[in-house]
Amino acid sequence: MSGVIKTLPIEITVNGRRRTLEVAVHHTLLDVLREDLELTGTKECCLVGECGACTVMVDGRIVDSCLMLAVEADGAEILTVEGLARDGHLNPLQQAFLDKGAVQCGFCTPGQLMAAQALLVENPHPNVAEVQEGLAGNLCRCGCYYQIFEAVLSVAEAGSR
Amino acid sequence: MRTFAYERPVSLADAVALLDSHGPSTRLLAGGTDLIIRLRDGSARPGMVIDVKRIPELCPEIRERDGVLTIGATTVMADLAANGLVRRHFEALAEAASVVGSVQIRNRATIAGNICNASPAADTAPPLLVYGAVVVAAGPHGSRRIPISEFFVRSGLTSLEPNELVVAIELPVPASLTGAVHLRRTRRRGHDLASVTLCCSVNEAGVTRLAYGSVGPKPVLEQDETHVLANPSAPDDAKQVVLERMFAEASPSKRSMRASPEYRMAMLRLLGSRAMRTAIERLAEKRGAQA
Ligand SMILES: Cc1cc2nc3c(=O)[nH]c(=O)nc-3n(C[C@H](O)[C@H](O)[C@H](O)COP(=O)(O)OP(=O)(O)OC[C@H]3O[C@@H](n4cnc5c(N)ncnc54)[C@H](O)[C@@H]3O)c2cc1C
Ligand code: FES
Ligand code: FES
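From first to last, the protein sequence lines stand for chains A and B.
Per my numbering, the first sequence starts with residue 172, numbered consecutively.
Per my numbering, the second sequence starts with residue 109, numbered consecutively.
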């Protein structure tokens, strides 16, 4: 490490809560969520934008938080998997993942949920191909793709009833 | 990741001044989908990172004026793919933007980052070449316009000066009806760069333009003025001769782990013929819609 570590103040809203933090400029949003804010639901894995385990929503759009500096999120609104449940109740996607057996080891689940959430906001009634495309940036090492797609489609269907 | 100074200029003049005074030790940061990886693996070790996303002149905006579409440097792939003007006039560019990486990547990856990174596999390069894009660059001596065909030098290198940055990309709206398509060959959707990228356009005047990437140090543009390719009644072997001539510049690397040179050449020919057919079909559809 060369020289002093540079830090900057940032203000972000995480899961509805305003946070003012002093962050190292070379730390990613993922680092800050997990280490500074202890929100460890967002997972760290490939660190090259390929697995999607670190997926969070920034100003309504999903991003790989391992590929974004925390300072770039200054002023942004962030939603992580910890923000999906409301008043102690799982959100419909989380419940569907459990019901359909879409969670094996669970490591990819937070990222899958965030990607699925973003997909359904943009397109409440996706077909199978659209679900596959929406979740193409999220790998599941346990191979629960079928169950994950089922879970997402079941929430979409329930919404149309 | 090593630490660095982080600057977030809010004017083009400030950004250029930073670039000019700190020169080679700086790196511009747009969406970061290429740069953050390089900062982490140590292949880029800048003393200063200049975030360009708050410079108003580079803002993610797409507008049409006097027959020219101007795309702000920080426009992301997701917005490029969804934009009505791009889809109407530059369908192959919209297609290219829609196949970059995954949703997560497309929400961050910018058009300027894609061309400035200068990967031979950059998906927007073939359509930008085919549509005759112009790169608007700014530096200490003002701005200049670089034809995209003079922008790519070799893998990782563009004709930008170290103290210049890309402000926008301009696309002349085609004067005559044009059918175009972008195709590519990858091992896996969402996670891999292409082993062949190819864009083809055909216009009413019978001119075919073909650009391809990932088969040499930089993407290549060719134009068929003989009108043979666009002519539906020209015999197939005559077309093959013209296509072969267009692929003469392809020189796929033997060292790539993604695909062998033989495979890339085979795929280039296949995608070339397919793209030709689709471009002609699309032109016919547009003619039909006009009639
Ligand atoms: C998982 C994954 C999948 C990918 N898949 C694809 C794919 O399918 N197709 C594809 O083409 N690419 C792909 N990429 C590569 C990358 O996403 C694109 O090249 C992207 O467009 C880069 O843009 P960016 O804004 O993220 O660039 P950055 O990483 O911010 O910058 C890239 C380079 O451009 C320079 N730069 C940025 N903006 C400017 C400017 N305005 N002026 C001058 N220089 C500038 C930077 O200094 C840097 O050297 C993928 C990347 C990942 C991680
Ligand atoms: S850890 Fe970010 S994409 Fe894999
Ligand atoms: S459930 Fe184990 S990686 Fe997806």
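Keep in mind the hints are simulated off the structure, nothing from the lab.
Being a predicted model, the structure only gives us computed values, none of them experimental.
Hints may contain errors.
What the hints assert, rightly or not - Derived contacts from chain B toward chain A, CB cut-off under 8 Å, selection only: (1) F112; (2) A113; (3) G140; (4) C167; (5) Q212; (6) R216.
To be verified - Partial list, computed: chain A residues near chain B (C-beta under 10 Å): (7) L290; (8) P297; (9) A307; (10) G330.
Claimed, not checked - Here are some chain B residues the structure puts well away from chain A; computed CB gaps all over 10 Å: (11) G209; (12) G240; (13) R363.
Even glycine gets a Cβ: it sits at the ideal position worked out from N, Cα and C.
query = Checking the smallest CB distance to chain A, is G209 (chain B) really beyond 10 Å?
reply = Nearest chain A Cβ is 7 Å from G209 (chain B), so the label is violated.
10 Å cut-off, C-beta based - G240 (chain B) kept clear of every residue in chain A = holds (30 Å)
task = With a cut-off of 8 Å on the beta carbons, see whether F112 (chain B) makes it to chain A.
result = holds (6 Å)
ask   = Beyond 10 Å from chain A, beta-carbon-wise, is R363 (chain B)?
value = holds (21 Å)
query = Can the hint on Q212 (chain B) be confirmed by a CB-to-CB distance to chain A that is less than 8 Å?
reply = holds (4 Å)
query = How about P297 (chain A): closest beta carbon in chain B under 10 Å, or not?
reply = violated (12 Å)
message = Hint validation: G140 (chain B) versus chain A, beta carbon distance must be below 8 Å. Holds or violated?
response = holds (5 Å)
ask   = Holds or violated: is the Cβ of R216 (chain B) closer than 8 Å to a Cβ in chain A?
value = holds (5 Å)
query = Does the interface hint hold: is A307 (chain A) within less than 10 Å of chain B, judged Cβ to Cβ?
reply = holds (4 Å)
query = Does L290 (chain A) meet its interface restraint, that is, does its C-beta lie within less than 10 Å of any C-beta in chain B?
reply = holds (8 Å)
inquiry  = Holds or violated: the hint that G330 (chain A) contacts chain B, with Cβ atoms closer than 10 Å.
reply    = violated (20 Å)
message = Given C167 (chain B) as an interface hint, is its Cβ closer than 8 Å to any Cβ of chain A?
response = violated (15 Å)
Going through the hint list in order, the structure does not satisfy hints 4, 8, 10 and 11.
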